Amino acid sequence: MPDTFNPTLWMIQGHIWVTPVWNNTENRNTPRPIVIVGNEQANNTLALIVNFITKQEPRDQFDIPLDYWQEAGLTVASFVRTAKPFTLLRKDLRQQPTDRNGMSVPRGYVGELHPHDLNKVITACKHIY
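111 is the number of the first residue of the sequence shown in the numbering used here; add one for each residue after it.
In case anyone wonders, no lab produced these hints; they're calculated from the structure.
Owing to the predicted nature of the structure, the values given are computational and were not obtained by experimental measurement.
Don't take every hint at face value.
Computed list of lysine to aspartate or glutamate pairs in DMTMM-like fashion (alpha-carbon distance at most 25 angstroms, straight line) [to be verified]:
#: 1; residue 1: 194; residue 2: 136
#: 2; residue 1: 230; residue 2: 167
#: 3; residue 1: 230; residue 2: 170
#: 4; residue 1: 194; residue 2: 170
#: 5; residue 1: 201; residue 2: 150
#: 6; residue 1: 165; residue 2: 177
#: 7; residue 1: 165; residue 2: 202
#: 8; residue 1: 194; residue 2: 167
#: 9; residue 1: 194; residue 2: 222
#: 10; residue 1: 236; residue 2: 222
#: 11; residue 1: 236; residue 2: 170
#: 12; residue 1: 165; residue 2: 222
#: 13; residue 1: 230; residue 2: 181
#: 14; residue 1: 236; residue 2: 167
#: 15; residue 1: 194; residue 2: 209
#: 16; residue 1: 194; residue 2: 177
#: 17; residue 1: 201; residue 2: 167
#: 18; residue 1: 236; residue 2: 150
#: 19; residue 1: 230; residue 2: 136
#: 20; residue 1: 201; residue 2: 170
#: 21; residue 1: 165; residue 2: 136
#: 22; residue 1: 165; residue 2: 181
#: 23; residue 1: 230; residue 2: 173
#: 24; residue 1: 236; residue 2: 136
#: 25; residue 1: 194; residue 2: 181
#: 26; residue 1: 230; residue 2: 177
#: 27; residue 1: 236; residue 2: 173
#: 28; residue 1: 201; residue 2: 136
Modelling step: build the complete structure from the supplied sequences, incorporating the hints.
Structural data, given as structure tokens:
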């Protein structure tokens, strides 16, 4: 990694973040895990295409189970809701640097999907759109 801290290096397809998302039930922002599904051509300098990650059981064939959820930095077995893409502004991610295991990373950064899981998620996205 470069000497200077640059949070955009962690904003690429397959990377997982926790970000505040408005919760209508509780009338407040709630931290939710998301995965970036847009590629470098789809994402731009202002926004990212993302899907929610949930621990709830799948609703349909488009809720994709993550086989390598622990390796991705998640704490419970999880699913990606590929039927619910949305655009997230880059500025809404918690980008302040924090030290994690001797490395400076963005505060909201969780990890990266295993290539096997990323392939399953992108394939499901392609079947929808």
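A quick look at each hint next to the structure:
Under the criterion of a C-alpha separation no larger than 25 angstroms, the hint pairing residue 194 with residue 136 is consistent with the structure, at around 20 angstroms. The straight-line distance between the Cα atoms of residue 230 and residue 167 is roughly 17 angstroms, inside the 25 angstroms bound, and the hint therefore holds. Distance check on the hinted pair: residue 230 and residue 170 sit about 14 angstroms apart at the alpha-carbon level, within 25 angstroms; holds. Restraint check for residue 194 and residue 170: the C-alpha separation of about 12 angstroms stays at or below 25 angstroms, so the hint holds.
Distance hint between residue 201 and residue 150 is fulfilled; the C-alpha atoms sit about 17 angstroms from each other, no more than 25 angstroms. For the hint linking residue 165 to residue 177, the alpha-carbon distance of about 13 angstroms falls within 25 angstroms, and the restraint holds. Only pairs whose Cα atoms come within 25 angstroms are accepted, and residue 165 paired with residue 202 is accepted, the gap being roughly 22 angstroms. Between the alpha carbons of residue 194 and residue 167 the distance comes to roughly 15 angstroms, so the proposed pair stays at or under 25 angstroms and holds.
With a C-alpha separation of about 20 angstroms, the suggested pairing of residue 194 with residue 222 holds against the 25 angstroms cut-off. Pair hint residue 236 plus residue 222 holds up; C-alpha atoms about 20 angstroms apart against a cutoff of 25 angstroms. Pair hint residue 236 plus residue 170 holds up; C-alpha atoms about 16 angstroms apart against a cutoff of 25 angstroms. Note on residue 165 and residue 222: the hinted pairing holds, with a Cα-Cα distance of about 17 angstroms set against a maximum of 25 angstroms.
Of the supplied pair hints, the one linking residue 230 and residue 181 holds, its CA atoms being roughly 16 angstroms apart against a limit of 25 angstroms. Note on residue 236 and residue 167: the hinted pairing holds, with a Cα-Cα distance of about 22 angstroms set against a maximum of 25 angstroms. With a CA separation close to 32 angstroms, the supplied pair residue 194 and residue 209 exceeds the 25 angstroms bound. For a cut-off of 25 angstroms, the pair hint linking residue 194 to residue 177 stands: about 20 angstroms separates their Cα positions.
Among the hinted pairs, residue 201 with residue 167 is inconsistent with the structure: their alpha-carbon atoms are about 30 angstroms apart, more than 25 angstroms. Our distance criterion of 25 angstroms between C-alpha atoms is met by residue 236 and residue 150, whose separation comes to about 16 angstroms. For the hint linking residue 230 to residue 136, the alpha-carbon distance of about 32 angstroms lies beyond 25 angstroms, and the restraint is violated. For a cut-off of 25 angstroms, the pair hint linking residue 201 to residue 170 is broken: about 32 angstroms separates their Cα positions.
Note on residue 165 and residue 136: the hinted pairing holds, with a Cα-Cα distance of about 19 angstroms set against a maximum of 25 angstroms. As the CA atoms of residue 165 and residue 181 are separated by approximately 16 angstroms, the hinted pair is consistent with the 25 angstroms bound. As the CA atoms of residue 230 and residue 173 are separated by approximately 10 angstroms, the hinted pair is consistent with the 25 angstroms bound. Our distance criterion of 25 angstroms between C-alpha atoms is broken by residue 236 and residue 136, whose separation comes to about 33 angstroms.
With a CA separation close to 24 angstroms, the supplied pair residue 194 and residue 181 stays within the 25 angstroms bound. Under the criterion of a C-alpha separation no larger than 25 angstroms, the hint pairing residue 230 with residue 177 is consistent with the structure, at around 10 angstroms. A threshold of 25 angstroms between alpha carbons decides the hint, and for residue 236 with residue 173 the separation of about 13 angstroms falls inside it, so the pair holds. Restraint check: the Cα-Cα separation between residue 201 and residue 136 comes to about 23 angstroms, which is no more than 25 angstroms; the hinted pair holds.
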